[in-house]
Structure formats: structure tokens, C-alpha cells
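There are 6 protein chains.
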Amino acid sequence: MTEITRADGRAVDQLRPVTIERGWSAHAEGSALISFGGTKVLCTASFTNGVPRWLTGKGKGWVTAEYAMLPRATNSRNDRESIKGKVGGRTHEISRLIGRALRAVVDTKALGENTIVIDCDVLQADGGTRTAAITGAYVALADAIEWGRAKGFVGKNAKALHDSVAAVSVGIIDGEPMLDLAYVEDVRAETDMNVVVTGRGLFVEVQGTAEGAPFDKRELDALLELGVNGCDDLRVAQLAALAEDLA
Amino acid sequence: MTEITRADGRAVDQLRPVTIERGWSAHAEGSALISFGGTKVLCTASFTNGVPRWLTGKGKGWVTAEYAMLPRATNSRNDRESIKGKVGGRTHEISRLIGRALRAVVDTKALGENTIVIDCDVLQADGGTRTAAITGAYVALADAIEWGRAKGFVGKNAKALHDSVAAVSVGIIDGEPMLDLAYVEDVRAETDMNVVVTGRGLFVEVQGTAEGAPFDKRELDALLELGVNGCDDLRVAQLAALAEDLA
Amino acid sequence: MTEITRADGRAVDQLRPVTIERGWSAHAEGSALISFGGTKVLCTASFTNGVPRWLTGKGKGWVTAEYAMLPRATNSRNDRESIKGKVGGRTHEISRLIGRALRAVVDTKALGENTIVIDCDVLQADGGTRTAAITGAYVALADAIEWGRAKGFVGKNAKALHDSVAAVSVGIIDGEPMLDLAYVEDVRAETDMNVVVTGRGLFVEVQGTAEGAPFDKRELDALLELGVNGCDDLRVAQLAALAEDLA
Amino acid sequence: MTEITRADGRAVDQLRPVTIERGWSAHAEGSALISFGGTKVLCTASFTNGVPRWLTGKGKGWVTAEYAMLPRATNSRNDRESIKGKVGGRTHEISRLIGRALRAVVDTKALGENTIVIDCDVLQADGGTRTAAITGAYVALADAIEWGRAKGFVGKNAKALHDSVAAVSVGIIDGEPMLDLAYVEDVRAETDMNVVVTGRGLFVEVQGTAEGAPFDKRELDALLELGVNGCDDLRVAQLAALAEDLA
Amino acid sequence: MTEITRADGRAVDQLRPVTIERGWSAHAEGSALISFGGTKVLCTASFTNGVPRWLTGKGKGWVTAEYAMLPRATNSRNDRESIKGKVGGRTHEISRLIGRALRAVVDTKALGENTIVIDCDVLQADGGTRTAAITGAYVALADAIEWGRAKGFVGKNAKALHDSVAAVSVGIIDGEPMLDLAYVEDVRAETDMNVVVTGRGLFVEVQGTAEGAPFDKRELDALLELGVNGCDDLRVAQLAALAEDLA
Amino acid sequence: MTEITRADGRAVDQLRPVTIERGWSAHAEGSALISFGGTKVLCTASFTNGVPRWLTGKGKGWVTAEYAMLPRATNSRNDRESIKGKVGGRTHEISRLIGRALRAVVDTKALGENTIVIDCDVLQADGGTRTAAITGAYVALADAIEWGRAKGFVGKNAKALHDSVAAVSVGIIDGEPMLDLAYVEDVRAETDMNVVVTGRGLFVEVQGTAEGAPFDKRELDALLELGVNGCDDLRVAQLAALAEDLA
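Read top to bottom, the protein sequences are chains A, B, C, D, E and F.
Position 189 of the first sequence, counted from 1, bears residue number 181 in our numbering, the numbering being contiguous throughout.
Position 173 of the second sequence, counted from 1, bears residue number 165 in our numbering, the numbering being contiguous throughout.
Position 162 of the third sequence, counted from 1, bears residue number 154 in our numbering, the numbering being contiguous throughout.
Position 234 of the fourth sequence, counted from 1, bears residue number 226 in our numbering, the numbering being contiguous throughout.
Position 122 of the fifth sequence, counted from 1, bears residue number 114 in our numbering, the numbering being contiguous throughout.
Position 99 of the sixth sequence, counted from 1, bears residue number 91 in our numbering, the numbering being contiguous throughout.
The hints are simulated quantities; they were obtained by calculation from the structure and are not laboratory data.
Check the hints yourself; a few may be wrong.
When chains are identical, the list treats them as one kind, so a pair holds in a single copy or across two.
[Unchecked claim] Straight-line distance between alpha carbons at most 30 angstroms, and here's what the computed DSS-like set of lysine-lysine pairs gives: (1) 209 - 78; (2) 209 - 76; (3) 50 - 143; (4) 101 - 209; (5) 50 - 76; (6) 101 - 78; (7) 50 - 148; (8) 52 - 76; (9) 151 - 50; (10) 151 - 209; (11) 52 - 148; (12) 101 - 151; (13) 101 - 148; (14) 143 - 52.
Starting from the given sequences, assemble the full structure and let the hints guide the process.
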């Protein structure tokens, strides 16, 4: 696309190396340790038969998510939110985003009265933690649903997932739109956007923020295109992980 | 644009009646009671000379915002966050959004080492509270900066605001993109988007979420166009309010 | 009574201008935006059929109140209690006072198993916020009870209110007892008292505090007389507001 | 005064047996374990040289108080406020009352830049805990000031206390005004009042609340008279305690 | 055992004077005010028929404990945990230890579906507060069980306690193992150990910590022997207290 | 030692497979991902030049530790402590234990005015998480100190560590003392003990608890012997990890 090369030698439209260790956890019904370059997120999906009281008897399931960072996931240590006694705004915001992204591809009726709680814990951060979390969480979610099916909690042919979902960050740096920003890029970006896209290429969420100068429609369009293509690459990685045999 | 009429008889590209009572508060350095139809938000701007410790000595100012709702602003009463002992994720998210939106038009160097805290308290809610808050907050902010200039805290010719900013919600209902959703529309929307746009028509923030089915690029474009036009109408209302004499 | 005039030109036994905007809220079952001069309090009454668990099955209703101040209601900004994560002692104390004052005129048996939560939010403060809150809350409460009657939750002829209630502050400044202290007076008062009086002229609550020198019985008697008369004037304003037609 | 006798055989104007174990604590600069019948409150006064930052350099001292109850001080166990993670409204209200009562007799200039924190912990409760706390706290405070004088932190002849202070509850039961209510009386009282009175017989605080029917001026006067006399008896007990030699 | 004498003249294997005021509380079903020298702990046992929900229907009872210190129990004042809004690690740790120690001698089946909550509040601290708490709590627990038996909640012949339990601290100071450390000794100890021992001389808990140099097996053995003997002396004091008549 | 074999085929005095991935974190100054069988703990050591205010100017460093578990580290999901808003007693207790264990081998004077914060986050739990945490934390600590030395914050020849430290759990199951309990063993253990031992074989901490029947001196001795030998095996693993080259 362009000859600009980035700190790590990537092309502007290239993802960092993506790895997905599916089934990392011995306990969770679904799990994946995903990395986008130096960003490593452990995603677990906990399946419970039954739903919260406010949903009981409606024949629908519930999927929710929580995001957090280990204190030394980042370059300098952050105090634990458990010790501060409150969850920060950023944490809340990302947890809600992950939950919405996953629910967009779940058919809660087909899921039946079951609850899946997704935990995304950032073990190491290097930009794009929320998008790695969504991408890995989808794999954990898919496995948890199959676990529920094997146990008879989810109907044999129930299509609880009607699509897949992945996410990636895009941004404009020195006027150039780029895909999947690493931390050193993220802090320099004039505009920062996260896009969440289904396997079919439709938008679930678009969150663009001008960190420096406001942006125009042309820039927005360029970012969206990069994002949609990046999510398509991630879809391929998700499929490959889900195609492997689990021991 | 279309012959579809809405519950309140508006056209799809029409704002609800907008009123801005500038200088509502006897105490705050800037203030505005803004209404978007039944949504009423009291915005105050508190100016203090000096900045938080982490910013001291950098020759820059600071603008931040807090959003909250009165317990009976909505149709049924919500428990107070002060009594629950924690601020909810939604509140955090909106407070952060308002702060980012305003900072996008502030030149913190021109502001000098001064702090402005914006409080947006929703007295009555009928959809679009965060966008009304941003739109009203800009007026309060502008007045607080002028207050600071009159007191000599801000330089006589310092251009602390390099643009204006407004926000509006847009959404797709029964396949039709619509501007400035009232609560009854908001709950039915398949896609819900908030756009924050400067007076010059550039984007500061775009947040689109598929509540039901994911959306495609064409729908996204239609929503953005509606939003940009709506923000332009709001800009006119802001200018009119700022042109009035304050007693 | 005396020729001393006060900062705002009032006589010592004169209330500030009192206005009551009944039915301010589009959502609440009863509401009033009351002002005592520069003090403005939004009072809403939320009616719910049913009572808290600990009261179930006793054939009695429940009335409770919460008081709070917007952060910039006062001359300088106060941090939000939601963000501090705890409700301060003053807030607690006033909430409890308002609740007791209202319950003193409610016949909970006649109210039936219904709950009314009163919220008093100070939008702007200039002394006497708790007394304005009680006085306005009575109006909101009366309307909420009528709402419940219209809906069939309260008996057609049930006398759920056996009296009205109002409150006012009194204090001694430079040795002179005065009615309805504004903020500049309040901070100078040697003795500060709040009296809560029913429409029939009986005491519900008397809270007198020596801020400077302790006070004697003669001073106490003078304050009580001022307070009882002031509450009688407020009773007239309440009646007038309740006599108006609501659109 | 009357022939009515009470559950414990007292006359209506008679205090319960009052004992004051001055110097109970081996660590505190002043302390008293006070009992009003079955109500036992441990009052300690902690003296520190210096004042909170907001008071520094004004040549004045600071006196503040905290009140709490042990979980099983009462007939059935209450959860600890430390475990609930917040201090209740009643606790706050009483702590503030004790602090105001003590400050009313302190000359903070004479005290100099010193801080005294009073802790009143109810070990056993049988009505009147806040009034016992104030009465005992005065003794602890007086000793802490003398400790500070002996250490040279308070001026040799500085009159840091310009009066003494005591408190008692009064109430109307079956139409009869009574002094110093025990718990079984307190729950039956139609009107409940706490009076805080200086050694010279002046009021520091009067807090009367109609628990049942509102009360009139004649009843209020009767209660005040009982209260003033009761506080005079308590003054005698305080003086006797302070006259003893401390080992 | 040795000729070394300690600050208070005790032999190295000698307890401080132990007193147990059984039945101190007028309200609790069992209580004891215990002192180990200057350490004074009020222990109350609150008996309730029924168990927490998670234990319902299992035919077993529940015993739990909470430990706390008054703010001025120590030489300098500590902030209240209720005001800090959280319970500290040390408090948690000791509460859990007391609960485990007591449960070790309770037969929860024989106790039946009843709950006993032990509160240990340190009124004055001079070292060994947790061990005094356990020793006193046993006495309160025994009385609460007998209260439950008298009321018919515990079976007539049910052996709800199969042993007694006591605790003591031991430590090494200047190379010398010593029993029951007072505060001045505790701060100097190289190794500090708490032992919890049943009436039959078996260990319930052994917690040894090197505060300075690590310790070897020989030192550990010496400490354990001192501790077991000290607990045997405490057992005698417990038995004596329980043998007294309660008024 | 015995022919009893355990669920996983180990001898009673045999550790589970131990792996130490030193330098796991790209950001922390020292780190190790340690596993004891299915228990996996990520230990990071964050080095900062300078000490907390209360230690400033004393020429000494500070080492502290925090322990936590990911919500789905265990067989069923636990709520996050950040969301509950408070840190549980168990978490506090273990954090304090880890800190004490490490400080026992640190010479804070030789460390100089530097702070090292150890974070031990359990990614997967299968018994013995606190002992794995201590054992891995020592490796992270050693690397952080070397990092500080390389940066010139720690003296070239300063012996900041005067010994190594490791920890292991031991317990009695069906009367048989066993080393390094896996979760299925831990829940069945009558007595449960954690021993923390230095490289030289001295005790830093001994914490034994009777979960079922109390234990006698002979059993205690058997457990201590097993624990000391187990820690010696762990010392070998630590040395091996520290001998490797870090990329």
C-alpha cells in the first residue's frame, strides 16, 4: 500500500504477529491466550447453567465480559483496582465494549437459559489490548458454547453464534492511516479508532477519537477500510485456532 | 428528506426544540441549562487558577468533566451513585467523553495554568443526555474562559478556544436513519451513534454501536451525514446563546 | 418588629421571596422546584406500589428522603459524593431530618402498602437548603399521594396526610434574632436553629446550635416565635401552589 | 415532682446512677469510662501537638470527636461499620454533635496549635448513649488539656476551657415529661429531646423530635427545664470525678 | 527455669496476671472481659437460632469471629477502619485465626442449626491481643452454648464442645525463648510465635515468624514447649472462670 | 519413604514438576512464571529508585508484595476483588506472608533507598499457590536487584540478598504426612502447613493449622522435616533458573 515502514518494519496495513493458544486454561469451559505482538491477553469463558434473576424465565441466555490489567502489564506499575477499591473508568468502558461486541454475534434464544462470563486479563500490554481481548474472547466463547452443547445445556443444533467477531485498532500517525497500533505508535496517533467487525464484514462498533486535530470524512473512510481488512485477517486466525484439535 | 413522521411529528433530519439558558447559575463562572426537547441538563464550568500537581509548571491548563443524573431524571427512579458508593460504568464513560470533546477545541497553552471543571447534571432525561451535555458544556466553558480573561488569569488575546463543539445522537429505526433520538426512539434503534463535531464540521468523536443487527458502510455514511448537519444546527443555537447579553 | 434592615433589605421577621414551581418534573409522581431567594431545590416524589421487605404485610406505607447538592450549587465547587465513594455526615443528617419531618404528617396506615421516596437536590445554595427542601418536599409528597389515589393504590377517602409541614431557619446575629438566614447571614450567626412546624402550628423538630456563645431561654423563645410565624407564611405558599391547576 | 414511678423506680426528674471512671485508659492523654445506668461509654482524648494542614499557622487548636458502638453493645448484634465499609448516618450525626458540644466550651486560641481527638465507644447501650458520651468526653478532654499543659504544649495559664458541658435526654411518655430515658422508655417516647448545657446553665444544643404526635410550646418548656436540671446534676458528677487524685 | 528477669520482673516461662470477667455484658448470650496484663479484650458471643443460607438444611451450626481494636487501644491513635472504609489485612488475619481456633473445638453437628458470632474488641493493647482474644472467646462461646441449651436450641445432652482452647504468644528475645510477650518485648523479638492449644494439649494452630534472623529447629522446639505450658495455665484460668456462679 | 502413592502417582515426599520461566515479562525489572504442577503464578518485581515517604532518609530500601488470583484461576469463577470493592482476608493474609518471606533474606541497607514491589498473580490454581508465589518471587526479586545494580541504583558489591528463600505446603492426609499438596489433596488434609525456609535451611515462617483434628508434636515434626527437604529441592530449581542466560 505504501512504502512507509514502521518502527517494527511492518507495512501500514499489516497486523503484528498474532498467536492464539486455545484451551490455555485447565479449568475454564473455553479459553485462549492471544497475542498481538507484545500484547498478551488471557481470555477465559465461564459457562454456568441458569441466568441472573432479572432474566429468569424468558428463555434467553446472557453473555457478559470483564476486562482488567495485571499491575505490571505495562511499562510502569499501576496500582491494583482491588486495592484502590474501585474500578476505573477506562476498565469499565472496555469491559462494556467487549460484552457488547460478543453479544452482537450471539443468539441468546438459541443459547438458552445459560450464562457465559468472559474474563479478559491483560498479562502484558503493548497497545491494542481491547481489540486483542475481543478477538481472543470470541474463541473462548465459541469453545464454551460447544462445552455447553456437549453437556446438554445448549440444544444440539442450536445456532447460538450467528457470526464471528474480531476487532482491531487503526490510527493516523503523521497523516498516515495505519493498522494495529503498537504502544509507541498509539501515543503518537492524532486519531485513534477501534473497529469491531463481524466475520461477514459488518460493523458492530466504530469508536473514533481525535486525540490531536479533529479528522474529516476522507480520513475516517481510510481508517474504516484498513480496519475492516485487518479484522478479516483476524477472522482467519480465529478460524485456524478453532480448527485445531484440543488435547 | 422523507415523509416518515416521528412520534413527535418531527422530520427524520430535524432536531427537537433546543433551548439554552446561559448563565443559569449565580455561582459558577460559566453555566447553561440546555434542553433538547424533554432532556434538560444543567452545565456549570468552575474556573480555578492553577492546575493539578502532575501538570504544574508546564505552562498548560486543564479541562475535565463530570456527568451525572439526578435519581428521578428518568422514568423510574435510580439509586444514587453516592449511596451505592461507586460510580457506574456508563457515568464514567460519558464523563470521559465530555472531557475529550471539550479538550478537542481547547488550546491548553493559551488557557494557561488554569483548571476548568465542567459539571453536567441531568435534571430530566429523554434521550440524548450526553450530546445535550456536550453542547451545553461548550457554552459554559466559553463563558468560564471569558471570566478568567476578565480576571486576568487568561491572556487578553489568548485564543484558548480554537473552535466550537457540539454533539448529537443519530440512529437507525425500522431501517430509517434519524437525527436526535428521543427516549422512545432510542430504545427501538437498531444502530445508535453519537457524533461530536466541531464548528468547522470536523469529527472529534464518532461512536456507533449496533444494538441489534450489525450495520454496513452505507448506513454508517447516512448516519454521519445526518449527525454533521444536526451539529451545524446546534452550532447556530450555541452562537445565538453566546451572543446574548448576560445580566 | 424592628428597624434593623438586613443585607437584602428584609425585616428581621421577613422571609426571602418564596416560589414553588409545582409539577416541574415530567416523570416524577409529584415534584416542586422551590426557591427561598437564591436557594433552589428540586424536590421529586417517587411513588411505588409495595413496601420494603421488612415492612411487608403490616398494612403500612413508607416515606423516606434523600438530600444532595450539585457540586457547583455553592460558591466554590465541592467534590461529588459519588466520586468520593461515600456520603458525608452532613448529607446523611439532612436526609434523615427531611424524612422524619415528612413522616410526622403522614398516616402510614392510610397510605397503605406504598412507598414514596423524596429526592431533594439542591441546584443552587444560598442558606436554608434543608428548610427549603422540607417545604418543597411536602408539596411533592402531597401530589404523589394524589397520583397514588388516582391510580387506585391509595384509598379513595384515605386521609394519608393529617397535616401539612414546613420548615425555616432562624438565628441570632449581632444579638438580634432573625428569620430565614441567607448564606452571608448564616456564617455570621451566633446561634442557628431550624424549626419544623406543622400547619396547625405544632413542633415536629427543633434543632438549635450555638455556633458561637451558648444561648439562654429568652433567646430560644424569641427564635421559636420567629420560626413558628415564618412556617405559617410558608404554609400559605404551599397551599397556594397546591391550589393551582397542573397542566 | 410527681408520683408516677418508672420501670426502674426512678422519679420523672431523676437521673439513673452515674459513674465516671476517670483515667480508665493506660495510653490516652485523658479518658473516662462513664455509665448512665446500663449505658457504658469509653471516652478517650488523644492529644497531639500540631493541627491539621488547613488550620496551620492560625494560632488555633482543633477538637473533634468520633462516636461508635461495639457490635454487641445492643440487645441484638449490629454489623460492624468497618465491614459494611461505610459509616452510617446515625453515627455521623452523633459524632458531629459531640464535637460541636465540646468545641462550645473550648477556647481554641488558648488551646494553641494542638489537636485533641475524642473517641466515644459505646461498650453497652441502654438509651442516652450520645448524652453519656458528651458528659464523659468533657472529663477526658479536661484531662488531655492538663496533660498538654504539663508537657508545655498548652500555656501555663491558658484558659483553654471557659466552661464545662454535659448532656442529657428528656422525653414525653404517656404525656409525662421525663429525664434521662432508658432504652425501654426511649422506644415509647412521643417526643424525644437531647439538651446540651454548659456548667453555667446555657444551651449549646437543643434537639427535639416528635416521634409520634407533634409537640407544643408548653411541652417543650417542660422538657427544657428537666434537661437543664439534669445537666446540673451531671456537672456535679463531672466535678467530683475531676477532683479525684489520679494514681 | 532461668534467672533472667524481664522488664516486669516475670520469669521467662511466666504468664502476665490473667483475669477473666465472665458475663461482663448485659446483652450478649456469652461474654468475658479478659486481661493479660495491660491487654484487655471484651469478648462477646451472640447466639442466633438458624444458620446462613449456604449452610441451611445440613444439620450443622456455624461459629465465626470478628476482631477489632478501639482507635486509642494503643499507644498512639489509629484511624478507625469504619472511616477508612476498609478492614485492614492484620484485622482480617486475626479474625480468621480466632474463628478457626474456636471451630477446632466445636462439634457443629451437636451445635445444631445455630450461629454464634464472636466479637473480640481490644479495649487496651499491650501485646498478645489475639491470644487473649482466643482465650477469652472460648469462655464467651461456652456460655453462649449453654444459653442455647437452656432455651432449647441446643440438644440437652449435645456435646457441642469436645475440648477447650487457649492461645499464647512466645518469642525469642536476645536469644532467650520467652512466654507471653508484652508490647515492649514483642517489638524486640527476633522470632515471634502464636500457639493455639486445646485443653488436651494438642495443637490447633502454630504460627511462627522470623522478624529478624531465621530460626532453627531447636529454637522452634523450645518455643513450642513454652507455649504448650502457657496454654495449660490459661486452661486452668478458663475453668476457674466457668466454675463461678453468674448473678 | 513409603509405598503409598498419590492421585498423581507421586511419592509422599515428592514435589510436583516445577518449572520456572525466568524473564517472562518484557516490562518488569525481574519476573518469573512459575508452575508447581497445575498451579501457575506470574511473579513480577518492579524496581523504583526511592522509598515511601515514611522511610525516606534512613538509608534503607523497601520490599513489599501483592498476591491476587485471576477470577477463573480456580475450578469455578470467583468475583473480582476490584468489583467487590474490597480485598478479601485471604488475599491480604497471603500478600503479607509473601512480603515477610522475601524481606527475611533482604538486607535493606545494602539495597539502599530503592523500592521493589512484587506482584504474584495466580493464572491457574491447583493448590500451593502461596508457596509457588514465594518461590517464584525470589527469582524475580533477585533479577530486579541485579537490574538495579546494573543501573547504578544498588552498590556494585552490595550484598542485598544474604540468602535465598523458598516455600512449600505439607499436610497430613489419612494420617500420612505429604509434601506439596495438590488441590484435591488440600481439601482432604486434616492438618495443613506452609513452611518458608531459607537456602541455608532455617525457618522464616511456619504456619500450621488443624483443619480437622488437632495435631501433636510428633506429627508437627514429621511435617517440618518434609517441608525443609521440599524447600531444598526448590532451592535447586531456583538456582538453575538464575543460572540461565536471559536473552
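- prompt: For residue 101 vs residue 148, is the C-alpha pair at or below 30 angstroms within one copy, between two copies, both, or neither?
  reply: within (14 angstroms within a copy, 45 angstroms between copies)
Status of residue 148 relative to residue 50 across identical chains (alpha carbons, at most 30 angstroms): within (20 angstroms within a copy, 37 angstroms between copies)
query: Checking residue 50 and residue 76: alpha-carbon separation at most 30 angstroms within a copy, between copies, both or neither?
result: between (37 angstroms within a copy, 28 angstroms between copies)
message: I want to check one pair: residue 209 and residue 78. Are their C-alpha atoms no more than 30 angstroms apart within a copy, between two copies, both, or neither?
response: Intra 38 angstroms, inter 38 angstroms, cutoff 30 angstroms: neither.
- prompt: Should residue 50 paired with residue 143 be assigned to within, between, both, or neither, using CA atoms and 30 angstroms as the limit?
  reply: both (21 angstroms within a copy, 28 angstroms between copies)
- prompt: 30 angstroms Cα cut-off: does residue 101 pair with residue 151 within a copy, between copies, both or neither?
  reply: Intra 9 angstroms, inter 49 angstroms, cutoff 30 angstroms: intra-copy only.
- prompt: Between the shortest in-copy and the shortest cross-copy C-alpha distance, which are at most 30 angstroms for residue 209 and residue 76: within, between, both, or neither?
  reply: neither (41 angstroms within a copy, 41 angstroms between copies)
- prompt: Under a CA distance limit of 30 angstroms, which applies to residue 101 and residue 209: within one copy, between copies, both, or neither?
  reply: between (38 angstroms within a copy, 28 angstroms between copies)
message: My question is about residue 52 and residue 76: at a cut-off of 30 angstroms on alpha-carbon distance, are they close within one copy, between copies, both, or neither?
response: Between copies, since 26 angstroms is at most 30 angstroms while 36 angstroms is not.
- request: With 30 angstroms as the alpha-carbon cut-off, assign the pair residue 101 and residue 78 to within, between, both or neither.
  value: neither (34 angstroms within a copy, 33 angstroms between copies)
message: At most 30 angstroms between CA atoms: does that hold for residue 151 and residue 50 within a copy, between copies, both, or neither?
response: Close inside one copy (18 angstroms), not across copies (41 angstroms); limit 30 angstroms.
query: Given a CA cutoff of 30 angstroms, do residue 143 and residue 52 count as a within-copy pair, a between-copy pair, both, or neither?
result: within (18 angstroms within a copy, 33 angstroms between copies)
Taken one by one, the earlier hints fail for this structure at numbers 1, 2 and 6, listed in ascending order.
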